[in-house]
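Those sequence lines, one after another, are chains G and D. Numbered according to my numbering, the first sequence spans residues 5 to 382. Numbered according to my numbering, the second sequence spans residues 5 to 382.
I should point out that these hints are in silico values taken from the structure, not numbers from a laboratory. It cannot be assumed that every hint is accurate.
Note that identical chains are pooled: a pair holds if it fits in a single copy or bridges any two copies.
[Stated by the list, open to error] Only pairs whose alpha carbons sit at most 35 angstroms apart, straight line, appear in this in silico DSBU-like list of lysine-lysine: (1) Lys-66 with Lys-192; (2) Lys-151 with Lys-66; (3) Lys-66 with Lys-130; (4) Lys-151 with Lys-130.
All values reported here derive from a predicted model rather than from experimental measurement.
Protein chains: 2
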Amino acid sequence: MLKIIHTADWHLGRVLHNQSLLADQAVVLEQILTYIKDHQVDALLVAGDIYDRSIPPAEAIKLLNGFINQLALINVPIIMITGNHDGAERLSFASQQLQAAGVHILGNLNQVTVPVVLQKADVTVKVYGIPYADPESVRDAFGCEVKGYDEAHTFLVEQVKAVYEHNANNLLMSHCFVDGCETSESEKTLSIGGSDRVSFEPMMDFNYVALGHLHSPQQRGADHIRYSGSLLKYSFSEHQQKKGVTLLEFDEKGLVKHQHLTLKPQKEVRVLEGLLEEVIAQGKTDPHKEDYIMVRLTDQTALLDPMGKLRVVYPNILHLEKTLLTQAMGKTPNRDALKRGAEHMIQDFFKQVTGHEMTPEQLTIIEATLKSIHTQEA
Amino acid sequence: MLKIIHTADWHLGRVLHNQSLLADQAVVLEQILTYIKDHQVDALLVAGDIYDRSIPPAEAIKLLNGFINQLALINVPIIMITGNHDGAERLSFASQQLQAAGVHILGNLNQVTVPVVLQKADVTVKVYGIPYADPESVRDAFGCEVKGYDEAHTFLVEQVKAVYEHNANNLLMSHCFVDGCETSESEKTLSIGGSDRVSFEPMMDFNYVALGHLHSPQQRGADHIRYSGSLLKYSFSEHQQKKGVTLLEFDEKGLVKHQHLTLKPQKEVRVLEGLLEEVIAQGKTDPHKEDYIMVRLTDQTALLDPMGKLRVVYPNILHLEKTLLTQAMGKTPNRDALKRGAEHMIQDFFKQVTGHEMTPEQLTIIEATLKSIHTQEA
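Here chain G stands alone, though its shape is the one from the complex (with noise of 0.2 angstroms):
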């Protein structure tokens, strides 16, 4: 049996609401690396996002080399396709020296063609690497006259199509947005308007395809047209996902099982939803106060800085949002119910600040200053 995992958008670099996640990538790395060694894997795949941005950080590059530097030590080949948010020269550098060190990072697309054979015993699985490309790449590339991101990709897959063996085992790799699937806020919108889209039909003819793009592990079209989703959640809209990589088995005659494998990461991605003295009480007994937490206020009073009081409980608080503030910006507030509004916010204030209610001599104060005001403005 020959063993593959199927991994993709690792985003080294990446940022969440401005906390770097460097040391949380490195975590679940590790895992992967556990899971190799585990399962006694044949070849690892990352389909594409690799790094954040075409100019990662130093310490994201570090975070790589020392990675490819542990599979080095037991032997098991990377396959990379560059993604969206890699630069495709930067990342392809000395590509062609590093094939013959396992390394085979595939960004160019006159290469499609091009396969990395896998074999072990009697089992050979060719990987194709089909790059992040938009349409005039392609054409350029090609000095051919396809039309958007679909027709495009096609071209690109039925170039690999007409070189592949089929009796073999052919896995595909591409870094693409295919039509009907699920999305995630953290993925970066490739083109305006849903013209990002491509068709999984040309893909069918695969015993695998590996994709890379969409944050969600989810299939398309058929069971074996699959994305493993991102090494962690890289939105709050992620909560509920369960991130993992996806394990292959293949055999002399093609795919035998594929298996979610999950990952732990080290600090949680967490929504939590309550009033104010609510959250901060589940706080106080929460084993896992580390997480990085974003919070729905549903309290319907002013508060005085909620977020520092949030972030004595839990010191990785990320993002701070109040449901009714939220529901009010849906409405046209009329300016009777805004002046009305105004009292009530500064009498919520008052009681916050000193713990008492304001007396009807302060309260008839606050009334004529607002009033005052409000005549100046007319």
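We have chain G; now place chain D onto it with these hints.
Using the frame of chain G, we list chain D on its own:
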């Protein structure tokens, strides 16, 4: 005989007065390849500053990538150390994997004692590389107490000398500023006030020292301690330097000879001096009109758009200096001299635009106008 070419300070991606030099760099890199083939060279050394900055443009990466692919075709290893312009971490990505392919990127201080071993028949040369390092990096890497660049560099050289075999052919590469050497305007100062200088004495005990950092080819302290100089002239101050590479020949016992091989740029960097009319006349019959030109004008009168006029004959003129203006900037002008100056400037300007001298009437108007301006100023 084992043959090595020593070169340094490529600064791929450099611009000269806003002019990209990538195409020029590609031409001389081709010449280095030709020298390697013609002389049957066994290894190429680049003593730092491969790129012009830590984040080089993608086009510079592509150029280096193409070059190492060509070297791979003829099976010649390349050994690079990182310079002060390079991003050591960025350039060193996958350096461990690249060694097997003959691409040696030495950017890690903790590896200075690990040589790249070159061998041909009976001749062995061990190449040790000291990447550019400021004293703080040395303290950090070794937990030692070195003060200043000289102590830091000596410390690193001593690390190598503590492990090397005295009887072997030992070659040291280092990117540093050796005290007493000739400088050029295109070198970046490492530290204010000369504290970046290091002594040559600790390096005497090597068979050859391949230096990088200073852009003029030169030796210092001994004939075998040499700067090869930069790939091209990177400032007009270098217009009289002879750029090239150094060809070394070793037998079993050591360095047999070294030789400077000239690099011939597609466009020379030249400085022309004279009156505007003279320089223009010379340009009309100049067989090397396409060179990168700086002009020093000796005209004593004001000139209308000299840059535009010169560009007609010298399309790649990059810089213009007026010697009189330059000399005048040394003096403190008094108010009277400035006043007389303004009238003369206007007369010159008028003559250039119209082809005639001003009439006495016109001059009277100018004088009156200048007077009224000065009255308002006072």
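Hint-by-hint comparison with the structure:
{"no.": "1", "hint": "Lys-66 with Lys-192", "result": "both (24 angstroms within a copy, 26 angstroms between copies)"}
{"no.": "2", "hint": "Lys-151 with Lys-66", "result": "between (39 angstroms within a copy, 28 angstroms between copies)"}
{"no.": "3", "hint": "Lys-66 with Lys-130", "result": "both (30 angstroms within a copy, 28 angstroms between copies)"}
{"no.": "4", "hint": "Lys-151 with Lys-130", "result": "within (29 angstroms within a copy, 56 angstroms between copies)"}
Taken one by one, the earlier hints all hold for this structure without exception.
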